[in-house]
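Enquirer: So the sequence lines, in the order shown, correspond to chains F and V.
Position 29 (the first sequence) corresponds to 29 in our numbering; numbering is contiguous.
Position 237 (the second sequence) corresponds to 237 in our numbering; numbering is contiguous.
Don't read these hints as lab results, they were simulated from the structure.
Treat the hints loosely; a few may be bogus.
What the hints assert, rightly or not - Straight-line C-alpha distance at most 27 angstroms; calculated DSS-like pairs for lysine-lysine:
#: 1; chain 1: V; residue 1: K120; chain 2: V; residue 2: K74
#: 2; chain 1: F; residue 1: K23; chain 2: F; residue 2: K57
#: 3; chain 1: F; residue 1: K271; chain 2: F; residue 2: K247
#: 4; chain 1: F; residue 1: K247; chain 2: V; residue 2: K276
#: 5; chain 1: F; residue 1: K271; chain 2: V; residue 2: K271
#: 6; chain 1: F; residue 1: K16; chain 2: V; residue 2: K190
#: 7; chain 1: V; residue 1: K116; chain 2: F; residue 2: K276
#: 8; chain 1: V; residue 1: K271; chain 2: F; residue 2: K116
#: 9; chain 1: V; residue 1: K190; chain 2: F; residue 2: K120
#: 10; chain 1: V; residue 1: K276; chain 2: V; residue 2: K16
#: 11; chain 1: V; residue 1: K57; chain 2: F; residue 2: K264
#: 12; chain 1: F; residue 1: K247; chain 2: V; residue 2: K264
#: 13; chain 1: F; residue 1: K190; chain 2: F; residue 2: K120
#: 14; chain 1: V; residue 1: K276; chain 2: V; residue 2: K264
#: 15; chain 1: V; residue 1: K16; chain 2: V; residue 2: K116
As the list claims (entries may be wrong) - A few chain V residues facing chain F, derived, Cβ under 10 angstroms:
#: 16; residue: K23
#: 17; residue: G147
#: 18; residue: V150
#: 19; residue: N210
#: 20; residue: V212
#: 21; residue: G213
#: 22; residue: G232
#: 23; residue: G235
#: 24; residue: A273
Glycine included, C-beta positions come from ideal geometry on N, C-alpha and C.
Protein chains: 2
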Amino acid sequence: MSDRLVVALDAMGGDKAPDAVVKGAAIARERFPQIQFLLFGVESRLAPLVEKLPILKGCSTIRHTDNYITGDAKPSTALRQGRQSSMRLALDAVAAGEAQCMVSAGNTGALMAMAKFALKTLPGIDRPAIATFFPTRRGESVLLDLGANVECDAENLVQFALMGEVFARTVLGVSRPSVGLLNIGSEELKGNDAVRGAAARLRAPGSPINFVGYVEGDDIGAGSADVIVTDGFTGNVALKTAEGTAKLFLEFVRTAFASSTLAKLGYVFAKPALQKLRERLDVRRYNGAVFLGLDGIAVKSHGGTDELGFASAIAVGADMVINGFLDKIRDDIARMSAVTDLPEKPQTAAI
Amino acid sequence: MSDRLVVALDAMGGDKAPDAVVKGAAIARERFPQIQFLLFGVESRLAPLVEKLPILKGCSTIRHTDNYITGDAKPSTALRQGRQSSMRLALDAVAAGEAQCMVSAGNTGALMAMAKFALKTLPGIDRPAIATFFPTRRGESVLLDLGANVECDAENLVQFALMGEVFARTVLGVSRPSVGLLNIGSEELKGNDAVRGAAARLRAPGSPINFVGYVEGDDIGAGSADVIVTDGFTGNVALKTAEGTAKLFLEFVRTAFASSTLAKLGYVFAKPALQKLRERLDVRRYNGAVFLGLDGIAVKSHGGTDELGFASAIAVGADMVINGFLDKIRDDIARMSAVTDLPEKPQTAAI
């Protein structure tokens, strides 16, 4: 738990920066009255925006910098040349303990590289992962990794399970989240070495994880587990496949309603209900992917989001701070390493 | 091209066998008047069913066997103990040239193992793959592998591209299908060695493939490529994720329509249009996964499908026979091996 809630914002990152960032901060303030903002960016652009929003007065400090990371910058270039960038300075504020978390809608690769460098990986975690939450039949679930690690061994997956579980506890408020490992249903070849090795570890006596075993692709939408763990390649494909299918479906429904006069009439009556459905599936509600496994909290907002979406990303970071994400994860790592030392420890993937 | 069209049916495989199989055959006969069936299974159960369907008379031969493969049989057990099973005898009929293709709604793992054994892998193909087609915004696309190969190297992916391309030509009727490699969008780590190696090969001068480069998960629903190639782990997860998302979405829409009296009224008007949408997305239309890369055509119908779905699976096999799938794939393998021998050949995945 933390009494302070200082959020560092990369005010120059994202397609709609700095507008969406500053307005998003104002919206977040309504939900978190104790919040304080450090806004990193071009002062001459930020000051007039803050000025217009009375709710931000007294809780916002602008830290001027002219430098920012473009959307197409290479991570290596960003690392070398972006030491004074708004993104990097926001991360540095977290590293220095000035802020408890940071949010950026900028370049994902650059943010990942700089976050690893500035915040460092938590002791006991080999590789950070990217996680997000999404709507399911039963509510909301967490999926990770979403692309930080293309190839993973069993130990990586076990660590993702830990990180995802704590993320679900602190952000979704589930007290004992169920964790599933994404696998395939082919009868003969049930998964690869990494998946089988991770399952053995997560099932071992003393594991702090409420492991429900293997889940399959259709369990993502069904919400069969609160946390779904997989490597970054599969997770990235799964998330984008789900998004693409939802988009396709929405278009099919739209076409169906436009296909006849009767259908159009039906739409008029059903509109309020369909509007509610749209709100339920609004991607802005699910904005805020998190880099887990770092010694500090960094949230990546979607680059194209508006102020509502950016406010959701701030809320994700704020919830993690308020609910003591870092302490909880340190605790879980300690409990899991005890399990690691058991003689039953299976071999990790022999790739 | 083939003038003969003899289809061997595992009449005992699937949840609704032999009913759905025999009735499915009757439906398929309407579309393919030249078709002949060899029905493998328990004669006392099949004969009365065939008797009731005049369209099957004169084109159906029952081959009696008491043995069949259960849904939970291990592939290794099926191989050893299922030599007289309806599934195996149907495969043997293809291997012997008596039938040009076979269809089974039985145990996938057993079918894969027995098909590999009975039909053998095509020269030039290292590992068979499972492919299917599915609806997209632009029409229909092919996805493979769906789970036959959990880990794949670059050479496997190149072979999947070849097989998928010929499948799209012969079943979807696309004259020059575009082929994409499934990859992730993370800026720093664009894919793994296998994916990068396969892309280099498919792009090489002389490649017979119309390669459009990398595609991402959301391109599956968008139909950005006619054929989407990936390893069996990712493909299985992607397909099931898409199915799960569609199911979730359908449920959300249903809930929305039931949420108020007005919405219910809207549903009444929109019903015919929504009915059409349901038909468009009817899974039975997309039934029929194919084992590609074998020296013979074997189609796997979904185990739970009804006669309409089973008829679709027969149609997939029949289209492959009529359009000369095996000849075309032999041709493509020869053209691709010429490319393989170029000095520019990049390294395959160093796993």
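Enquirer: I'd like to know which numbered hints this structure contradicts. Please list them from smallest to largest.
Expert: Checked against the structure, the hints that fail are numbers 7, 8, 11, 13, 16, 19, 20 and 21, while the rest are satisfied.
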